[in-house]
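Produce the complete structure using the sequences and hints provided.
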Amino acid sequence: MWALQDAGLTPVVKASVDRYNKDSDNKATLSTYINDAYKQKIQVAMGSPNAPDVFFNWGGGNLAQFVQADQVEPLDDTLAKKPEVRDAFLANVMDTAKIDGKQYGLPMTGTQPVIFFYNKAVFTAAGVQPPKTYPEFLKLVDTFKSKKVTPIALPGSQGWTELMYAEYFLDRIGGPEKFAAIAKSGGAAWQDPAVVKALQMCQDLAKMGAFGTNFASINYDNAGASKLLATGKAAMFLMGTWEYPNQLTNNPAFAKKDLGWFPFPTVPGGVGEPGNLVGNPSNYFSVASGSKNKDAAIDYLTTTVASDAYIDDLIKSGAVPATKGADAKLAGKPNAEFNTDVYKMVSTAPAFAQSWDQAVSPDVAKRLLSNLQKLFLQQMTAQAFADDMAQAQ
Amino acid sequence: MSSVSLRERPGFVWAAPAAVFFALFGLVPIAVVVYLSGTSWNGLGTPQWVGTENWSALLDDSDFLPSLRTTALLTVGTWLVQTPLALLLGVWSAGAQRFRAVLSTVFFLPLLLSTAAIALVFVSLLDPNFGLAASWGKYLGAPDGNFLGDPSRALPTVIFVLAWQFVPFHTLLYQAATRQIPASLYEAAQLDGANTVRQFFAITLPQLRNTIVASSVMMLVGSVTYFESVLLLTNGGPGNATKVLPLHMYQEGFVAFDMGYASVLAVLLVIIGTVLSVVVVRTTGYHRMASDREGL
Chain A
1 MWALQDAGLT PVVKASVDRY NKDSDNKATL STYINDAYKQ KIQVAMGSPN
51 APDVFFNWGG GNLAQFVQAD QVEPLDDTLA KKPEVRDAFL ANVMDTAKID
101 GKQYGLPMTG TQPVIFFYNK AVFTAAGVQP PKTYPEFLKL VDTFKSKKVT
151 PIALPGSQGW TELMYAEYFL DRIGGPEKFA AIAKSGGAAW QDPAVVKALQ
201 MCQDLAKMGA FGTNFASINY DNAGASKLLA TGKAAMFLMG TWEYPNQLTN
251 NPAFAKKDLG WFPFPTVPGG VGEPGNLVGN PSNYFSVASG SKNKDAAIDY
301 LTTTVASDAY IDDLIKSGAV PATKGADAKL AGKPNAEFNT DVYKMVSTAP
351 AFAQSWDQAV SPDVAKRLLS NLQKLFLQQM TAQAFADDMA QAQ
Chain B
1 MSSVSLRERP GFVWAAPAAV FFALFGLVPI AVVVYLSGTS WNGLGTPQWV
51 GTENWSALLD DSDFLPSLRT TALLTVGTWL VQTPLALLLG VWSAGAQRFR
101 AVLSTVFFLP LLLSTAAIAL VFVSLLDPNF GLAASWGKYL GAPDGNFLGD
151 PSRALPTVIF VLAWQFVPFH TLLYQAATRQ IPASLYEAAQ LDGANTVRQF
201 FAITLPQLRN TIVASSVMML VGSVTYFESV LLLTNGGPGN ATKVLPLHMY
251 QEGFVAFDMG YASVLAVLLV IIGTVLSVVV VRTTGYHRMA SDREGL
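From first to last, the protein sequence lines are chains A and B.
Per full-length UniProt numbering, residue 1 is the first one in the first sequence, and the count goes up by one each step.
Per full-length UniProt numbering, residue 1 is the first one in the second sequence, and the count goes up by one each step.
Derived by calculation from the structure, the hints in this document are not laboratory data.
Please note that a few of the clues may not be correct.
[As the list claims (entries may be wrong)] Only pairs whose alpha carbons sit at most 30 Å apart, straight line, appear in this in silico BS3-like list of lysine-lysine:
hint, chain 1, residue 1, chain 2, residue 2
1, A, K294, A, K98
2, A, K227, B, K138
3, A, K207, B, K138
[Stated by the list, open to error] Partner residues are not named here, just some residues of chain A that face chain B (Cβ under 8 Å, in silico):
hint, residue
4, G47
5, A51
6, K102
The structure displayed is predicted, hence computed values, not measured ones.
We put the CB at the ideal spot given by N, CA and C, even for glycine.
Take a look at the structure:
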């Protein structure tokens with residue numbers, strides 16, 4: 001088995017492997033890798049005799065390319081025999097590992113939607129409330145600008161942080177179908193008026209100074225943006241829910257007292273449901289079709305990730321599991337307020353779109369992230385962006 | 001063949017170990033890359049032969065010419081910044097006084113740090129809100145500390161970081177070469193009444209000619225392969241302001257998983273690097289290995 005090396009997750013997976021090995025004749029071994037190295041290693045290993053039996057993946061386009069190369073085993077037959085496993089998970093999270101109607105993976109991490117974080121002290125000092133609608137949000141941007149606070153922290157040296165705005169704007173304006181069309185076929189779907197409008201809104205937001213003037217120098221990995229929020233130099237920060245444990249570790253005093261959160265505001269006139277989310281529904285374990293231990297691999301998968309022991313371990317690690325009824329287990333645990341809020345958002349979300357850079361194939365994702373930087377820097381128009389992507393995909 | 005003639009003219013056999021290693025780790029990979037440049041391969045399964053398709057894709061690649069230009073700018077910038085600095089520092093530190101020895105040690109410290117460590121330290125130093133860039137930016141024309149995020153400042157900033165890293169190495173070359181210059185030349189010049197500046201231009205600089213060429217070849221060829229620093233500092237951004245050719249190759253190969261096209265870029269890099277070093281060596285007379293003991 002191959003998985004990512006992650007301080008929170010690795011012990012959970014490790015414990016599940018140990019439990020499995022104790023009760024089974026098959027002995028599973030777990031290898032973990034860091035993120036970028038893993039992406040390269042799995043790409044080269046799949047289809048070779050060295051492929052792992054069970055492998056970690058991100059679902060979406062990343063999984064789809066393995067499926068297209070006939071490297072992944074569909075799980076539908078197994079799940080038909082074990083409906084309790086299939087029904088244990090939230091449907092909108094399972095969807096991300098569905099390729100052409102077939103299920104190719106099971107969720108194995110906590111769910112991580114993208115939401116707005118904010119600094120309560122800064123909001124109180126400005127006498128404002130978290131916004132519900134986009135016009136309210138824009139008014140907040142002006143308020144904070146006049147108070148010399150950067151309205152939104154944006155680690156714009158990395159394109160994926162800018163992507164979150166495009167994802168939400170398109171979802172709010174055109175609904176999840178617009179991106180679903182892009183993920184499926186690309187081409188003209190990129191030139192849909194809703195896409196151009198969403199990109200235009202990103203550019204306008206950058207142009208009006210919502211992110212300050214030096215956002216393209218700010219880095220997420222060295223905590224530059226998180227610190228902006230924690231020190232009150234910025235008022236808001238759009239980020240995945242992994243930001244919460246981040247703040248707890250790096251700025252505990254701030255996280256306990258002044259860290260607030262709210263969902264992305266609604267956009268008047270848009271057709272997307274206000275409760276829709278974007279982000280990482282989950283990460284997935286899939287079974288390689290070339291595996292010599294296929295039955296054992298499927299057996300491990302279906303007996304583990306939906307089991308009580310695994311879910312409890314996930315919660316203990318601070319994650320919000322993507323299983324039905326997990327909210328009852330979250331109550332009374334550390335960070336229950338944040339985690340139950342996140343769970344509520346995810347379980348009631350009409351749609352939960354996967355981050356675009358993971359939903360499309362790697363070459364399209366690369367182009368997309370590079371164009372986003374140009375868009376936010378006013379080097380590329382929304383229309384040119386859409387045309388370029390239409391040509392690339 | 002007698003053993004005597006073997007001793008007098010060491011033949012191919014003596015070069016065999018080196019030749020085998022060079023073939024195995026130098027020529028074979030290049031040959032494989034040339035082969036891959038004619039295939040379509042995303043790393044999964046087997047490469048499909050597509051002929052010259054990847055090569056004609058060069059013309060449609062909107063990032064290719066800009067990245068070639070950025071590489072050229074980086075190469076020229078690196079040479080222009082590092083050569084005078086390394087030369088002056090090297091000549092100066094070749095002196096014998098004790099405080100120079102101490103200072104020289106300090107200069108050489110960057111040489112001991114790994115490229116990745118240096119790049120990551122500078123990413124933190126250049127954070128516009130919490131790094132040195134926040135307080136020093138205003139003296140350098142960037143009050144908001146926006147160095148790596150500004151399309152016009154990013155490349156000069158990268159050149160600066162590279163200089164910080166590599167000037168010590170070239171200083172070391174110049175220091176060693178300067179110490180080889182016979183003291184008698186300077187004594188004679190002093191008798192003739194030449195001052196320090198005159199001595200530098202009339203003796204030191206000409207005597208260092210071969211070192212200048214060697215150091216320049218390393219800088220020029222090296223700057224065609226600068227990759228880790230750019231990857232960690234800016235990842236080619238903002239936009240594609242610092243996207244050099246090696247980084248473009250890496251992104252096509254290991255981010256977009258278009259191995260065929262990445263191989264085309266790799267072949268181009270081999271050609272550019274070779275041409276560059278041949279041109280420098282030919283035009284400077286370095287290949288004649290002229291004596292650096294001129295006038296003795």
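Do the hints match the structure? See the list:
no.	hint	verdict
1	K294(A) <-> K98(A)	holds (19 Å)
2	K227(A) <-> K138(B)	holds (22 Å)
3	K207(A) <-> K138(B)	holds (23 Å)
4	G47	holds (5 Å)
5	A51	violated (10 Å)
6	K102	violated (19 Å)
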